[in-house]
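Colleague: Spelled out, the chains give:
There are 2 protein chains.
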Amino acid sequence: MEIEDTRNESPPHRVVITAVQPQVDAGRFPIKRVAGEKVIVEADLLADGQDLLAAVLRYRQPGKDSWAESEMRLVENDRWRGEFRVDGIGIGEFTIEAWIDRFESWRHDLLKRLEAGQDVALELQAGAQLIQETGGRAILAGASAEGKLLTDQAEMLHAATQAASSSVVAEAAGTAAHDERLAALMRRHSLREGATTLTPAVRLDVDRETARFSSWYEMFPRSCAGVPGRHGTFADCERRLPAIAAMGFDVVYLPPIHPIGRIHRKGKNNSPASSPDDPGSPWAIGAAEGGHTAVHPQLGSLEDFSRLVATARELGLEIALDLAFQCAPDHPWVREHPSWFRHRPDGIIQYAENPPKKYEDIYPLDFQSEDWRGLWDALRDIALTWIRQGLRIFRVDNPHTKPFAFWEWLIRSVKESYPEVIFLAEAFTRPKIMHRLAKLGFSLSYTYFTWRNTRWELTQYFTELVRTSDYFRPSLWTNTPDILSEYLQFGGRPAFIARLVLAATLGACYGIYGPAFELCENAPIAPGSEEYLNAEKYEIRNWNLEQPDNLSELISRVNRARRENPALQSNRGLCFHEVDNDQLIAYSKRTEDGSNAVLAVVNLDYHSPQSGWVTLRLEELGLRPQTSFQMHDLLTDTRYLWQGARNYVQLDPARIPAHLFRIRRYVRTENDFDYYM
Amino acid sequence: MEIEDTRNESPPHRVVITAVQPQVDAGRFPIKRVAGEKVIVEADLLADGQDLLAAVLRYRQPGKDSWAESEMRLVENDRWRGEFRVDGIGIGEFTIEAWIDRFESWRHDLLKRLEAGQDVALELQAGAQLIQETGGRAILAGASAEGKLLTDQAEMLHAATQAASSSVVAEAAGTAAHDERLAALMRRHSLREGATTLTPAVRLDVDRETARFSSWYEMFPRSCAGVPGRHGTFADCERRLPAIAAMGFDVVYLPPIHPIGRIHRKGKNNSPASSPDDPGSPWAIGAAEGGHTAVHPQLGSLEDFSRLVATARELGLEIALDLAFQCAPDHPWVREHPSWFRHRPDGIIQYAENPPKKYEDIYPLDFQSEDWRGLWDALRDIALTWIRQGLRIFRVDNPHTKPFAFWEWLIRSVKESYPEVIFLAEAFTRPKIMHRLAKLGFSLSYTYFTWRNTRWELTQYFTELVRTSDYFRPSLWTNTPDILSEYLQFGGRPAFIARLVLAATLGACYGIYGPAFELCENAPIAPGSEEYLNAEKYEIRNWNLEQPDNLSELISRVNRARRENPALQSNRGLCFHEVDNDQLIAYSKRTEDGSNAVLAVVNLDYHSPQSGWVTLRLEELGLRPQTSFQMHDLLTDTRYLWQGARNYVQLDPARIPAHLFRIRRYVRTENDFDYYM
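Protein sequences appear in the order of chains A and B. Heads up: the first sequence begins at 1 in the working numbering, then just goes up one per residue. Heads up: the second sequence begins at 678 in the working numbering, then just goes up one per residue.
These are calculated hints, taken from the structure and not from any lab test. Just so it is clear, the structure is predicted and the values come from calculations on it, not from any experiment. Treat the hints loosely; a few may be bogus.
Computed beta-carbon distance windows for the label pairs [as the list claims (entries may be wrong)]:
| # | chain 1 | residue 1 | chain 2 | residue 2 | range |
| --- | --- | --- | --- | --- | --- |
| 1 | B | GLN795 | A | SER611 | 52 to 62 Å |
| 2 | B | PRO905 | A | ARG187 | 56 to 66 Å |
| 3 | A | GLU531 | B | THR1292 | 46 to 56 Å |
| 4 | B | TRP1128 | A | ALA116 | 21 to 31 Å |
| 5 | B | THR876 | A | GLN350 | 28 to 38 Å |
| 6 | B | GLN1137 | A | GLU592 | 24 to 34 Å |
Every residue, glycine too, gets a C-beta built ideally from N, C-alpha and C.
Given these sequences and hints, build the entire structure.
Modeller: This is the structure we're talking about:
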C-alpha cells in the first residue's frame, strides 16, 4: 500500500499514505456498502519537514469507468478525512492522492515572516514563479480563464518584487497571502508534483438496498395447501403472498424447491425409515425428475414457479431461493458425474457424516475432486439458471462446509454480471469462519442472535457487530426450521414477541420462519433439543392461520415501524442505554442526520412484569437534558411524556413485553399551536 | 498474505492463514527483536468443514540461509500459537505452513465412531492406506527406520480389516487411534498435502543487545579539559572515561566532532554575533579543515579519536557519534556540490529556517536535488567512514526533516554489511512521524518522556509504548543539551533524582546529558524557555565534577540495579500499580520467567513528602495474597517486609524521592535456615 524507495531516476515521493480506514484485512477484501451510503475515508498522511500537505479522495463509482475526486482535510494528529456517497451497485473503488502543497506552505511561511517584519522580496518572487507555473499549466489543461487569472496575478507580484520599497513588497505579499480566491484557484490547479497515490485502490462492494434493510419470511410451499393431507403447490403459495405482504415483509425465502431424493429418504421427525407417504427433506436434493435446476413435481411446474415469482413482485415481495450444494443419492449427478463425490475405500460413494451422526439421504460434493473445475462451473450454472428465472436472492445452505475459495470465486463471478444478486450465508459455525465468509463476498450472514438472550449477551454481541459492519451484515432470525431456541420453548407468546422486537430493531435485516412463528409453535422434539416436534422439514404441516392470538397483527406493526423509521433501516447509529434492572434492555437507533430516532425497551423476562429507570445517553439522541420529549410507542400507539435522562418504564409480559418508541422531540415553543412535531 | 483462488490445475488450498501477529503494518515493515529474544507467533487458521488442522512455524535465523521449524498449537477460537528464539543479528524471517491433518481428523472421527459402536472396517482400511502412504514417503525421504515402522503398522491394520469379526476390527482400530507413538510418527512425516504457506514471510530485524538495554552518557569533548578556558581534546575526554564507566554507563555519545563552520558562527547563548573566541555549535558542520569525515582540529587528530574509541572499548564503553546531515556555509560540499543545496530565486543558497526563526550558520541539504543519488551515496559514505573507524552507534540528528525513503534506504544498506550498527532517531516531532521513523529501521527512538511528568501522563505514555514495542524502542532522556525541562528547572535535586529513577527503570534504554545532569544544572536562558543558560552548544564549559551533592554515586547505584536485575533490561513486563495518592507512581517490571522482579515507587512532587498505600497487582508479580515478601531498596540498601497487596510508602524529596525495590519472594519455610532468597 505504500511507496518504497526504488532508487529510480526521480527521488522517491515524500508523502506517505498509511493507516487507511475503512479497509478489510489490509485491502485483501473489499469493504461493503449499499447504494446511497456514505464512505468516510481516513488516513494518516506523513511527510518529512514542515511543509503543508494537500490530499484528495479519488473514487470510481460502481459500474463507472471514470474517476471523481473530493477534497480531504486534516482532522488532527496527521489524520485526514474525506468522504463520498456511492451511487450505483457493483464493484467501485477509492484511492487517495496526497502531495506537498507548495502554495499553502508558501502562504503559511510568508504570513509568519510578515508578522515578524522580515523582508519578503525573495519569497514573493518564489511565490510569483509558482503562481506563474500553475497558471501556465492550467491554460495548457484547457482552463484558460482561470489560468489567465493566475498568470496575471503572477505578473503583478513579479512587478511588485521590482519595487525599490520593501513596504510595497510587504503589501503585495500580504494581499496575496490573504487572497482566498487565489488560494482556491491554486488548489484547483495544483501541480501536484511528486504526488503519492495509495495503491492498490481500496475496493468497494456495493449492494442494493435490500442488503441493508429487508424483512424476511421463510415458509415451506408444500405446507401452503390449507387442506390437511394435501401437498401444497406454487399456486397455493401464491395465494398466501398477499397476507405476507400485508404483514410488511420484503422477501419470501423458500427452502429448496427441487425434486426430493427417494433413496434413504428420512421419515417424520428425522426418522431413518420413511413410509411412501413421507415427503422427505427438501434439502435431500435430486431424484429421477431432476436435480438442482428442476422443480419438485408436486409443487407444480417451472411455469407455476415463474408465476409465483411474478405475483410476488407485484406485491412488492421478492422470492429468495435456497442454494444447497449437496445431492440425494438419486440425484442425476451421482450417475453422470461420479467423480464429483467422495468414494469410500470400497468404491461406494460416501454419504454425509459428522461422526457419529449419519445423513444417509445426502451425498456431499467433493470440491477437491479431480474435475473440480467442472463441478464448480456446474454449481455456478445452478445459480445462473435461477437468476435467468428472475431470482435475485439466494440463501446459501451451510457455506462453511465448502471451500472458501469456491465462494469467493462463485459470488464474484455471478455478481460481475448480476451485481444486484444477494447471497445470504447460513453458516452457524465458529465466529472467525462466519466472518471469513462475509469477507469473501456474502452480502448477508446468519448470526448467533438466536442464542443471545440476556442483556449482557445482546449488548456485547451487537457492539461487536457494529465494529465489523464494514464487511459483516447480520441477518437476525427469531427461529428457523432447524432452530427452536429454548427461550421460545419456555417463554411462549411473550418470548416470541420479545424476540420479534429484538430481531426487527437490533437488525436492519431480520427474518422469521412462519407460520410456526406467528402461531408461537414451541414444542421441541425432545427436552433439551432445539429441533421442532413434527418439523416441517420432514412432513407437511397444515397451519391454522386463523388461530386467535396469532402474532400477525403485531408483526405488521413492527414492520410498519421499520418502514416508517429510517433509523431502523441501518445497523449504524445503535446505542445502548443503562437500565437499573438487568431484565430490561434499552437501546436506540438514530439516523446519521438525526432526523429520526427510535428507542426500544424490552423486558427479557417472559415470566414477570419488570420495571426500572432508563438512563438515556441524551447526547447520542440529540436531546438536551432540560427538555421534555414525546415517546410514541409504535406497538401500542400510546404516547408518553419523558423528561431528561432518567425515565421510568414498566413492562408486563402478559400484555406486551416491549416498547418501541419513536422519539418525537419538542421543537416548538408555547408560541406555536402544536406542541410536538 | 493469503491464498487467492487462481483456478489453477489443482484446486485452491483449503486452509487460510490470517490475522498473523506480530506484524507491523500488515507486513510492510519488519518486526524488531534483539538476539536471544523470543518471537511468539499467533495466527487464525481457518478451513471449511470439520477436518482438524496442523501447522508449523517456519523461520530463518538472521544471517542463516536454512529454515527451521517448530510446531504451532491451537489456543482457542481458531487461534494458533508457536514460538522460537532468535539467535543471531540481521534480517531473519518467519512464515507459517498449515494443512488439513488427515491423520488426526481420521483418529478423531474413528474414536467417535467406536464410542457410538459403529462398524469401522472401512475407516480402518482408509487409515491403513494413509499410514502406508506416509511410511512410503518417509522411506523415500531417507527416514527409513521410521518409515518402516509406519508401513509395518499399515500392514497390520490392513490384515485386521480382512478379519471377519467386527470386534477384531474395532480392537485394532481402537489401538491405532490411541497409539501416541504412531500419532507422533504420522505428525513428523505428515504428507502436508495442499499445505498453505503464509507469503510473503514476515521479516525480523534483529539487533544486538545494546538496542534493548543500554545506559547512555552524552557529553561535549571540548568541555573535558578540566581547566577553565582551555578547549578540551579527545585525550581529555579519554581521561574522563573511567569515571563514566564507574557510574555504570555503556555508551558515551558525543555531539559532532567535525570542523565547525566560521561563516555566521553563533556566539554564546545562541547569539547571532560571535567573537573570534567563540567555538560555535558543533552541529554547524564543515569548514576549511573538512566536512563530516574530518575531525575538529582543536579536539585532536583522527588517531587521537581512534585511541579514545579503543580506550572506551577496554572500559566496556562504546562511543556513539552524531549523524547531523547538514552543513555550515563553509562546508567543502557547498563549493564542491552546490546542487546538493536549495537555492533562493537570487541564486544564493538558502540557510535553514523555520519561519520566522533563521539558522544562518546551517545549510540544509536538498534531498530532492537533481543529483539526489550522488548526495544520498555521499551521506551513506559518511556513516561507512565512521564505521570503518570502529564506530557502531549513531545518534541521528533531526531525522524527521529528511525524507522517509532516505532513511529506509540508508539504514537497510548500512545494516546489510554491518547488522551490529545501531541508529538512534533524535526526532522530537509529531507522534506518527516518530513511529514511522522507527518502522523504517531506527533501532532506538527519542521519546516524549522528557515532558511526561504526572502519574497519568507517565502511565498513559508507557502503556502506549509497550503496545508498539514490536517496532518502537524508546530511549528515555532526562535532559539533552537542547532540553532542560521545566520540571528540572523548578524541582532541583529531588526532581533530578526522580527523573533519573523514572528514566532508568521505565526504559531499558535511557540517557543523561552530563555533567549538567550529575551537577543538577538547572538555570534556563530565560523564564519559560527550556534552553540552558550558557549552553554548552555554544561555549566551552568547565564543570566542577567534585561539587558536593553531585549525583554520580546515586547514578552508579541506579545503573548497578539495572545491571543486576534483568527485569530492568527489557521494556516488556511493565505493570502499573494503584497508589491512593496521585503524587506517587508505582510500577513493576518482571522477567518473562518470573525469576526477577522490581518495583519502583516515585514521589513526583519535588516539594513535599508524600505517603500513601500501594495496592500491588500481586498476580502480575507472581505473589500470593497471604504471604509476606522482602522489599530490598537498591537505592538505599534498606529492606522492608511487605505483606499482601496493600502496603504503605512514604517518600521525602529532601532525602530521596524514590524507592527502587527488588522484590525478594519468601520461598522457604521455617524449616530452612535462611528466610529469604
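Colleague: Does each hint fit the structure? Answer for all of them.
Modeller: Each hint tested on the structure:
A hinted range of 52 to 62 Å holds for the C-beta pair GLN795/B and SER611/A, which are about 55 Å apart. Separation of PRO905/B from ARG187/A is about 59 Å and conforms to the stated range, judged on CB atoms against 56 to 66 Å. Separated by about 52 Å at the C-beta atoms, GLU531/A and THR1292/B satisfy the suggested range of 46 to 56 Å. Checked against the given bound of 21 to 31 Å, the beta carbons of TRP1128/B and ALA116/A, roughly 26 Å apart, stay inside it.
In this structure the supplied range 28 to 38 Å holds for THR876/B paired with GLN350/A, their Cβ-Cβ distance being about 33 Å. Taking the beta carbon of each, GLN1137/B and GLU592/A are about 32 Å apart, inside 24 to 34 Å as hinted.
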